[in-house]
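These protein sequence lines map, in sequence, to chains A and B. With positions in the first sequence counted from 1, the corresponding number in the numbering used here is that position plus 2. With positions in the second sequence counted from 1, the corresponding number in the numbering used here is that position plus 20.
It is possible that some hints are incorrect.
Claimed, not checked - Only pairs whose alpha carbons sit at most 30 angstroms apart, straight line, appear in this in silico DSSO-like list of lysine-lysine:
1) B/K282 <-> A/K223
2) A/K99 <-> A/K144
3) B/K355 <-> B/K282
4) A/K188 <-> A/K44
5) B/K277 <-> A/K112
6) A/K223 <-> B/K355
7) A/K144 <-> A/K188
8) A/K166 <-> A/K112
9) A/K99 <-> A/K166
10) B/K277 <-> A/K223
11) A/K112 <-> A/K99
12) A/K69 <-> B/K277
13) A/K238 <-> B/K277
14) A/K69 <-> B/K282
15) A/K256 <-> B/K355
16) B/K74 <-> A/K256
17) A/K44 <-> A/K238
To be clear, the hints were calculated from the coordinates, so they are not data collected in a lab.
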Amino acid sequence: MRTVFKFAVCSGLLLAGHLVQAFTVFACEPEWGALTKALYPKAEVFAATNHLQDPHHVEARPSLIAKLRQADLAVCTGAGLESGWLPVLQARAGNPKVQDGQPTMFYASKFVTLINPYAGAITPFSGDVHPEGNPHLHTDPKRLLQVAAPLHERLIQLHPQDGKQIADNYKAFEQAMQAGIVRWEKQAQHLQGRTVVTQHSSFGYLWQWLGIQMGADLEPKPGMAPTPVHLERIRKQIQQPQPFAIVIAQHHDKRPAQWLSRQDSAQGIPMLVLPATVTNMSGTALIDWFDQLFSTLSQRPD
Amino acid sequence: MFKTIFQPTALSACIGCLLMPVMVHAETTPGWEFGAVLDVANTSKELELGARGKDLQLGHSDLVARGALGSALNAEISAAVHTRDGDVETHLENAWVETKTLPAGLQARVGRFSSQIGYLNEQHPHADDFSERPLLYRGFLGGHWYDDGLRLNWTAPTPFYLRLGVETFMGEQLIKEAETKKSPGAYTFSMKTGADLNPSNSWQLGLSYLNNRRQAHAHEHDGAEEEHDHAHGAQFSGQHLYMTDLVYKWAPDGNPKSNQVKLFWENARITGIHPELTSQRHTASSLGAVWRFHPAWELGLRSDELAVNKPEEHDDGIEAATARLRETTLMLAYKPSHSQTYRIQFSRQSSAGEAASEVFAHTASNVVQLQWVIGFGAHGAHSF
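Could you put the whole structure together from the sequences, leaning on the hints where they help?
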């Protein structure tokens, strides 16, 4: 047993010596990794989750603890989105920089107003409700800009020598985003006032921004998997008023939405499967992702 | 009858008292979480070494408060309650503070807390996949072993996860009544390592060693003193406990919400079981799998084995009573939300060995357990 420990300590120290000193950023979700990359391309960015994963429900895997151990900055959403796994990573990483309250622990939700805070009494039967509000705030480009501003300031504080470059990148990102907003609003104009059937509030900010009404939710309660009884209820009422689409995220189980879209009552309502976040973390990933969302949303079946 | 096993030692009592005013104050400060878990189960027949009594009983239910104490410390305090044969028993299970800003990947914890040996021990029992812990835990660690002590951990700056830790404990929760009383009563060394093979596959390996300096009393042969005493604390103990644990998880694209397979294996060996029984040992192992095949449904199978040499006082000295116990468990759990679990579990035990009828006198052939777990308030994050 002792030999094992000696071996472990020695190999640990050896590996530690080989590490390169890069500015390492741990992004809880890839949208924050992409935003960091857009503002500071020099950063080495790691995302704890990807577009195929539900950010509420990932395992606090050993690999994530190892990544957080090495982070110089962590960028997360907050508002309870990561409450099932991030606290374990923080507690085990042994990294003072990523503890709550530190300037290098950045929570995006602190800089924006969240929609639909759950105001009722929270009981074990409420589902995964967020009294802070909907945490999926990155689907609103205006709120993304509200996060980009303090994040670029934070990066300048940490890297004053690269301050000019970060400020320039921020300006470029803002301009690209503003131009995008004009483009996207135009693309989705015909959807204004329409209704959408969704699963979870993954795209809640997007609908609000575009003036799209949220109709039925495949989840009977937030975070709860669709049940046959609930789907049957939606099937009966789906045409009142007729939604333009059934939209689910790529990380959702496709079967409930598929079942619904095959029903007679849902005839003519397309099922759209969208990535709930960026699919890579390049500096242009956020813009590319919105472009992709809008080209899918604006496809008219008729 | 109301029996209280609330025996805070000086250390945990002291920490508990320190935390109380902080908690009251914390209620108004953000970041503090309060939660409660209720665990109720109906058991058709008591299992040998089982934690749950026959019929409807309150299982391991707790009240917990956790949060930050300033910018440098985290703290947690929790009290657990369960019933057994009409008795209500309460325990102070957690009362600790932990550093979060030590340099170089170091962390220290002091107070009362669960030891980090093995895979399951440091996890909250209400998050378990089965309604009874493996035989290994029930036989060697009193279900789960928490004690008063001190911990120092180091997380290595490696590309894979590596944690080395040392703990020292009073040991009184492990061996309730010791023949030899040494202080500290126990210390542990442990190592945890793990990584992802790819986005879908992850593993974790743990090695741990417990040095127990408190020697348990040898049981008198034919002694009537223990009427199936489910005493907290180890039923079978020794000077050295070696454990290995391996956990493997698979989920498509690393998205475990609606489909996940978890495999786990734990093995333990105890040597130095009595000064007069130098060559004998206790061993235990647990192998299991849990499959989440729907966001709300899980199916699990576990196979446990325990082989012991129980030191017994005979007229002509100490002799080992050799016995083996096997347990197979099948469970189906329905989890409509994060806060609720309904579980049905079937267990079958069989014992063998020359002293089986005496050491494992309550071996139960077919046991059905119905369990309901409900959480109120914050339920905290779960470890891998």
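Status of each hint after checking the structure:
no.: 1; hint: B/K282 <-> A/K223; verdict: holds, 27 angstroms
no.: 2; hint: A/K99 <-> A/K144; verdict: holds, 29 angstroms
no.: 3; hint: B/K355 <-> B/K282; verdict: holds, 16 angstroms
no.: 4; hint: A/K188 <-> A/K44; verdict: violated, 34 angstroms
no.: 5; hint: B/K277 <-> A/K112; verdict: holds, 27 angstroms
no.: 6; hint: A/K223 <-> B/K355; verdict: holds, 13 angstroms
no.: 7; hint: A/K144 <-> A/K188; verdict: holds, 16 angstroms
no.: 8; hint: A/K166 <-> A/K112; verdict: holds, 25 angstroms
no.: 9; hint: A/K99 <-> A/K166; verdict: holds, 24 angstroms
no.: 10; hint: B/K277 <-> A/K223; verdict: holds, 15 angstroms
no.: 11; hint: A/K112 <-> A/K99; verdict: holds, 18 angstroms
no.: 12; hint: A/K69 <-> B/K277; verdict: holds, 22 angstroms
no.: 13; hint: A/K238 <-> B/K277; verdict: holds, 28 angstroms
no.: 14; hint: A/K69 <-> B/K282; verdict: holds, 22 angstroms
no.: 15; hint: A/K256 <-> B/K355; verdict: holds, 20 angstroms
no.: 16; hint: B/K74 <-> A/K256; verdict: violated, 43 angstroms
no.: 17; hint: A/K44 <-> A/K238; verdict: violated, 53 angstroms
Consistency note: the structure conflicts with the earlier hints numbered 4, 16 and 17.
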